[in-house]
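There are 2 protein chains.
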Amino acid sequence: MTAPWITYRPELKVLDCTVRDGGLVNDHHFNDDFVRAVYQSCVEAGIDYMEIGYKNSEKLFPKGEFGPWKHCDEEDIRRVVGENDTSLKLAVMCDAGKSDWKTQVLRKDDSVLDMIRVAFYVHQVSEAVDMIHDAIEKGYEVSGNLMAVSTATETEVDQALEVLAQTPVHVLVVVDSFGSLYAEQVERLVKKYLEFGKATGKEVGMHAHNNQQLGFANTIEAIIHGANRVDASMAGLGRGAGNCPMELMIGFLRNPKFKIRPIYQVLQDYLLPLSREVEWGPLVQYNITGQLNEHPRDAIAARKGDARDDYVAFYDKLTSDV
Amino acid sequence: MTAPWITYRPELKVLDCTVRDGGLVNDHHFNDDFVRAVYQSCVEAGIDYMEIGYKNSEKLFPKGEFGPWKHCDEEDIRRVVGENDTSLKLAVMCDAGKSDWKTQVLRKDDSVLDMIRVAFYVHQVSEAVDMIHDAIEKGYEVSGNLMAVSTATETEVDQALEVLAQTPVHVLVVVDSFGSLYAEQVERLVKKYLEFGKATGKEVGMHAHNNQQLGFANTIEAIIHGANRVDASMAGLGRGAGNCPMELMIGFLRNPKFKIRPIYQVLQDYLLPLSREVEWGPLVQYNITGQLNEHPRDAIAARKGDARDDYVAFYDKLTSDV
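Protein sequences, first through last, are from chains A and B.
Residues in the first sequence are numbered from 1092 upward in steps of one, following the working numbering.
Residues in the second sequence are numbered from 1092 upward in steps of one, following the working numbering.
Isolated chain A (complex conformation) (with noise of 0.2 angstroms):
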């Protein structure tokens, strides 16, 4: 006998996505005061990773209308992290179809970030094994984060597996985008992932959402199986359900560099706040799109709606024939 939620392993990395994910609840129009707290947070926590924002495309998301985060010009980070001197490392995100990938993500050595996080769904495979070429030969640390995987078949996720385990891309990232997984699906893909990844020595990542209060469980079941990265955000604010809560997270990480005191400060100086303002959490509607594997936009705009508060309307909307 053994108790494992007592021990933990070294290699064991959290990256925090409350700007990145978090930004999808307001079109990152975070002001630089909230993302320098956040960073600060992750700092004194011992966090591994910050995803600081998109690298999306200013054509598709025009400035003004999105915030500086939708886009992380490196003025804009550095106005914020200054050299970011400090063993926090910093991640964006890069959509395939909606980033100019070759011309917005500089050379690693004129910029202050890490690591690129590509992501796409698994008909976009092939633009992401160039995204991810080009961020590697760009001098990053690179992951591929394969949305929406409860949507794809296994044929599908098999041959996108195969595929980027080709590539020298660092990290694969199962990533249940409908917080839809229940944990004995959450075991396979991670155990199939691991597979893929093996030869070329390939981490395994956990991108979890919170429809059905599942992210910090599913998270941990990712890790029980051997995943070694894994997402979470502070107070779980991420678009509708949201993410893993990260005071949940470092709550249950056992590696003693992690420190939960700072991120409880910064929940209630800054998160707590925001909830007045904004809503994200794993409320009724988004219960209905996890449980029936749906993309979280009928619900985020029943929460904006009149009738936000009749749930079995939008049972019946989203189970009619029609």
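There's no promise every hint is true.
Intra- or inter-copy, both count: the list cannot distinguish identical chains.
Said to hold, decoys possible - Straight-line Cα separation of at most 35 angstroms, DSBU-like style, residue types lysine-lysine; simulated pairs:
hint : residue 1 : residue 2
1    : 1395      : 1348
2    : 1289      : 1154
3    : 1350      : 1180
4    : 1282      : 1348
Think of the hints as simulated: they come from the structure by calculation, not from any bench.
Dock chain B against chain A, hints included.
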């Protein structure tokens, strides 16, 4: 390869504890309309058991100060459920040390109740055994709910289970009173309870609390490892962080006898309005007591005080050495 998450075990039964556990947030002052709505929702949803309250002492919990669901007098129950001419079975809980069970629990022939749930701490196991024998002799199905199992030693738990195994109790329930257990701990406890109960065919149940947003996940975990009796409550209503939410549980279970729509109906008609009057759910103070494996009483007090938004002060208080 199998996909167990799309099939079901016919023997798996669900108990609704909305009124019993939820009554801990309002001293069981639910009006008949609320209790009837929960009852009707359970009937329509195909839920197996509804725990309608406690049979606890009127001397310890004076009438008036506490509502009728603290004592569950027969006439109070019947005012809501009549003869309960449905497939829903009715349960009450009796607390060791707090119940005049010898007189409060009528003979089954004289009651509309079907099940007695005996709740006790590990040091109260001897009274629990007496209570179990009494309830079985009176004609009920009976469960033994060893509370706060996360704070008992393994030797104590083994001893209690050995004693319980020798009684005719029908169900042994793993009770995570403080919401502190992680998946691997749930797995071991469920397997242990099954092992002790198997010689006499006892079922194993799971009663999870949601302090770390693990109530639903830990209940799934218990099911995976063989628990056939699970507790949940509408909107997760329950003391402090609350319980495993019924709307998530029923969304997960694949037995076509379960219907989720009546649950959404009671959520919007009754639980949502209630949530504007009383507070429950996995708030930060409950995260902290869960992580520390402590009773939620300090968290409940903190949520009611002026410093409810000062998470850091609460964390400092609970982790200080003095």
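Hint check results:
Only between protomers do residue 1395 and residue 1348 lie at most 35 angstroms apart by alpha-carbon distance; the minimum there is 33 angstroms, versus 41 angstroms within a single protomer. In this assembly of identical chains, the alpha carbons of residue 1289 and residue 1154 never lie at most 35 angstroms apart, being 41 angstroms within a copy and 65 angstroms across copies at closest. For the identical chains of this complex, residue 1350 and residue 1180 are intra-copy neighbours only, at 17 angstroms inside a copy versus 47 angstroms across copies, given an alpha-carbon limit of 35 angstroms. Taking the closest pair of Cα atoms, residue 1282 and residue 1348 come within 35 angstroms of each other both inside a single copy (27 angstroms) and across two copies (33 angstroms).
Hint compliance for this structure: hint 2 is the single one not met.
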